[in-house]
Amino acid sequence: INTNSIRADRPINITFTGYDLGATQQGVSVSTEGNLLINGPIQNAAGTTTLSAPDGSIGQENSGATVGGHNITLTAATGIGGTSPLLLNLTNSSSSSTPVLGTLSATSTDGSINIDDLSGSIMIGQVITSQTTGNVALTADLSILAANASSLVQGGAVDLTASFGSVGSLGTLGTANSPAADALPIVVDVGAASVDNLEVTSENDVFVRQSTGDLRVDKIDSITGNIRVEVPDGNLVDANNIAVPDTQNIS
Numbered sequence: 001i002n003t004n005s006i007r008a009d010r011p012i013n014i015t016f017t018g019y020d021l022g023a024t025q026q027g028v029s030v031s032t033e034g035n036l037l038i039n040g041p042i043q044n045a046a047g048t049t050t051l052s053a054p055d056g057s058i059g060q061e062n063s064g065a066t067v068g069g070h071n072i073t074l075t076a077a078t079g080i081g082g083t084s085p086l087l088l089n090l091t092n093s094s095s096s097s098t099p100v101l102g103t104l105s106a107t108s109t110d111g112s113i114n115i116d117d118l119s120g121s122i123m124i125g126q127v128i129t130s131q132t133t134g135n136v137a138l139t140a141d142l143s144i145l146a147a148n149a150s151s152l153v154q155g156g157a158v159d160l161t162a163s164f165g166s167v168g169s170l171g172t173l174g175t176a177n178s179p180a181a182d183a184l185p186i187v188v189d190v191g192a193a194s195v196d197n198l199e200v201t202s203e204n205d206v207f208v209r210q211s212t213g214d215l216r217v218d219k220i221d222s223i224t225g226n227i228r229v230e231v232p233d234g235n236l237v238d239a240n241n242i243a244v245p246d247t248q249n250i251s
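Taking this note's numbering, I'd label the letters of the sequence shown as residues 1 to 251.
One or more hints might be untrue.
Unchecked claim - Quick list of the computed label-pair ranges, beta carbon to beta carbon: (1) I242 / V30: 36 to 44 Å; (2) S29 / L118: 19 to 27 Å; (3) L37 / Q126: 19 to 27 Å; (4) G40 / N2: 54 to 62 Å; (5) Q43 / T3: 50 to 58 Å; (6) T175 / Q126: 23 to 31 Å; (7) Q43 / N235: 31 to 39 Å; (8) S119 / N235: 22 to 30 Å; (9) I223 / S178: 15 to 23 Å; (10) S63 / D233: 37 to 45 Å; (11) A149 / T109: 46 to 54 Å; (12) S63 / S163: 15 to 23 Å.
Note that these hints are calculated values from the structure, not bench results. Note that the Cβ used here is the ideal one computed from N, Cα and C, for glycine as well.
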């Protein structure tokens, strides 16, 4: 009979790999050959979330599904969000006393893009779909802002809603007549077909610019702020075909 023994108090070396909770290097990346349906919350507060359906669409399976991330990149072939919006939870960086907004980039070859950020603001990178086969609808609880001068929202019809904030920025102490040096508009590329138009609803200021050609406008509404619209290479066209007469002034 052979008997072996080993000390039970010997140290065991353990090495952890990966990143700490909240590290910016964290990421979520999902790609599928078909349609990508979100069935529950994707939580990624500090990192980048990348969802890709190069041969299909990206949508929600149920109302409780959300896509979270500090930066969110969505790529599809036939639409993002569909009839019901894809719900996002863009988070701010907490690495400094001044929170840094995350960036949204969403691209679809065809089909519409319909996105709703449940809380906070949307910082736009590129949100692009075909002007002939798709529209863009973006809704933010606070503001819809441009990440930089190259930011773009492109679609046949474009609908921007900032429930409790601004669409674009007139800058520090900027006005509609005189934007400040740090002003940054939401640059849009709205289609030229009869069904294409821009609709903007905002609690505060609105600053939008058409990238090229005419800008067909259905409605631009600010509840408490100023509105500046720039069309540097075309005309501002009234695309609202519904006339509402003021009966009090009709004799």
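### Query
Which of the listed hints are not met by the structure?
7, 8 and 11
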